[in-house]
Amino acid sequence: MVLLFIVATLLPPPRDTQEITWLNDLYHSPLFYVLSALFSLNLIICSLNRLPAAIRQFNAPCFPPPPGIFENPETTHFILKEKGMTAGEAIIEKYASVQFSSLKKTKWEKGFLFCRERGKFSLFGVYIVHLSVLIIFAGALIGSVFGLEGSMNLREGETSSLIRLDKGRGVHQLPFSVRCDNFLVEFYDTGAPKTYRSDLSFFKNGALMQTAALLVNHPFTFEGVRFYQSSYGAADETKAVIAYTGAGKESGEITVNIGDTFALPARKAKATVLRVEENIMQLGPAVKLDIEAGKKNIQFWVFQNIEEINHANPGLFAEVPLFNPGLFSPLVFSLKRLESHYFTGLRVVRDPGVPFVLSGGILILAGLIIIFFTAHERIWLRLEKQPEGIKISVAGRASRNQAVMQRRLERLCQNLSKGLAT
Amino acid sequence: MTHTLILSYVTFIYFISFVFYLFKMILQKDIWGRLASFAAWLGFLAHTLAFILRWKASHDMGLGHAPLTNLYESLIFFAWSIAFLYLAVEWRIKNKSLGVFVVPVAFLLMAYASIAPGMNTRIEPLIPALQSNWLTTHVLTCFMGYAAFTVAFGCALLYLWKDKTQSKTAPAKSAFSQKLPALTMLDALIYQSAALGFVFLAIGIITGSVWAHYAWGSYWSWDPKETWSLITWLVYAILLHARYVRGWRGKRLAVLAIIGFACVLFTYLGVNFLPSLHSYI
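So the protein sequences, as listed, match chains A and B. Just so you know, we're using my numbering here: the first sequence kicks off at 1 and counts up by one. Just so you know, we're using my numbering here: the second sequence kicks off at 1001 and counts up by one.
Be aware that a few hints might be false.
Within a straight-line C-alpha distance of at most 30 angstroms, the following computed DSS-like cross-link-like pairs (lysine-lysine) qualify [stated by the list, open to error]:
id, chain 1, residue 1, chain 2, residue 2
1, A, 239, A, 194
2, A, 391, A, 105
3, A, 336, A, 288
4, A, 418, A, 105
5, A, 418, B, 1094
6, A, 94, A, 105
7, A, 110, A, 94
8, A, 110, A, 385
9, B, 1056, B, 1162
10, B, 1225, A, 194
11, A, 167, B, 1225
12, B, 1056, A, 194
A few chain B positions that, by computed beta-carbon distances, are all more than 10 angstroms from chain A [stated by the list, open to error]:
id, residue
13, 1032
14, 1160
15, 1203
No lab work stands behind these hints: they were computed from the structure. Small disclaimer: the values here were computed from a predicted structure and weren't measured. For every residue, glycine included, the Cβ atom is placed at its ideal position computed from N, Cα and C.
Model the full assembly from the supplied sequences, consistent with the hints where possible.
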């Protein structure tokens, strides 16, 4: 019946979990919670059911030994003629203690009994594991009730205290604000990202509290809220930095977005940025301008690498006026550079359940090691007075891995027979 | 790229070893068993050497990460762990009949690593998410677990096979099934390897969980790989409980070990066909 319980409650969660790819968010569905609760309940009941037996075993005294243990066919007997009890005792104490310390001794009607017990704690390994599973469940529950999981995208220079909660649960306001001072991304030659990093500043009530560098695998905690570097991307628009020269004089740098319009010092003209391209026609970065002077509109491209392009294609401007940055004389435009801004994607998490889950994880390991690498072992030696001499019997019992115990007993018997021969 | 050359030899040696184990099974001559073991040991040592060389090559390239970072490297390491555990078991039980079921798994993994289309065998720099000290521990323990489950699977197959031949030829007693390890021993081996794998997988899941806590912001995100490793873990938990609580032995245990191994394979390979955070493996 116990197994029926185990199978009935163990199997459904995994079967459900496979469907995560098709069924959204099954892990937070009521069904899942109910199954987890049933499973925990089952775990508790089964453990409580078996616990008293384990406690009885734990408290079981060494003496008297379990009835019939010396009649077991695996029990080894030594019969020694013409030896007295004191000699027997001496041999047992000398040769058994080579292998085992802390041999307990007691009298019985025909002589002496010795017992050696170890690994009592192994009896509780299973309960430690079960308990830690429950602790992990509790931690997960605490996390999902009191925790916070969301994300925030910050452009360089942007400050925010709002996080988008996962699964469309709305927006949450943090009691402090975060600014992304700087975002940096490096690439390998293969094009794969090598490292990316955000420099963050944390503000509270307008005052700078702390700054931190955030990297993948290196989260940062501020006031109990953990920040993770999780992604990055290009911010919505790429800015172009352009300039123009007219009559030998160069204007200052002008930073523009698509759609921006700025006044020009000649013919009461206005320039509008139509397009900003990172790489157009394999000729590199360029912007397309529309210049309105009076009732005339002139459009042309301004390439960043104009000199190389011109060098490679002499006479280009005459053929394709659209590529001539000096089409609107007397001004000649130049594109200094494009400024692409990144946004940094942060995961923002507060999970008060983590300490529980962590201690559950550590406990589970401890429990598993106790279960599989220790065993409750008891070894008994019986010294018996017989009419013609004495008799020594050796027997043992282990909660698991009886084979190892048997080998230990064999060694004990070898020791003893060595001792008896002398 | 000496290591790739060595690895292709290793694949071949494992195959030879498997063929020798097969000869041993059919022809019943000890010499084949010894040759098979020798080949397996040779393959294993060369495999170890190749692993170290690849690690060194990565150092020489200025990257210096353990070769456990993509599907190719994980296949190589999986095969290595299987060879390692199998040889340890063979040495302990002093019986060579298990090899016929376990060594081919190592061979198939190696062969898959070298012939699968689109397999990336290059040593590549790590993406930021993988640049962590948890990488080696996590991968190492998981694959040790998988390898132990593979040994349990081999024992289970051998058990079922022996069980069948024994009952069929009960009066005559075929020569081979007599030379097989005793059923009780196989049963104990299934249990022991499953328990070993269970502990390793538990450590693997926990280290993965700690790592995820640092890298992804959550110790558990129900990623398909996480979910399936949990399913695998639970299947083996059922196996251990069935034995301990219900006293299941032999056939039923062997069937559970085979089901468990199917889960291992799905956790390892099948999950790659689902969208996953573990997409680098």
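Cross-check of the supplied hints:
1. A:239 - A:194: 25 angstroms, holds
2. A:391 - A:105: Holds: residue 391 of chain A and residue 105 of chain A sit about 16 angstroms apart, inside 30 angstroms.
3. A:336 - A:288: Given pair residue 336 of chain A, residue 288 of chain A holds - Cα atoms ~14 angstroms apart, limit 30 angstroms.
4. A:418 - A:105: 22 angstroms, holds
5. A:418 - B:1094: Holds - the C-alpha atoms of residue 1094 of chain B and residue 418 of chain A are around 29 angstroms apart, at most 30 angstroms.
6. A:94 - A:105: Between residue 94 of chain A and residue 105 of chain A the Cα gap is close to 13 angstroms, so the pair holds against 30 angstroms.
7. A:110 - A:94: 21 angstroms, holds
8. A:110 - A:385: Holds - the C-alpha atoms of residue 385 of chain A and residue 110 of chain A are around 6 angstroms apart, at most 30 angstroms.
9. B:1056 - B:1162: 44 angstroms, violated
10. B:1225 - A:194: 25 angstroms, holds
11. A:167 - B:1225: 21 angstroms, holds
12. B:1056 - A:194: 21 angstroms, holds
13. 1032: 29 angstroms, holds
14. 1160: Non-interface label stands for residue 1160 of chain B: nearest chain A Cβ at 22 angstroms, farther than 10 angstroms.
15. 1203: Violated, since 6 angstroms does not exceed 10 angstroms.
Comparing the model with each numbered hint stated earlier shows that hints 9 and 15 do not hold.
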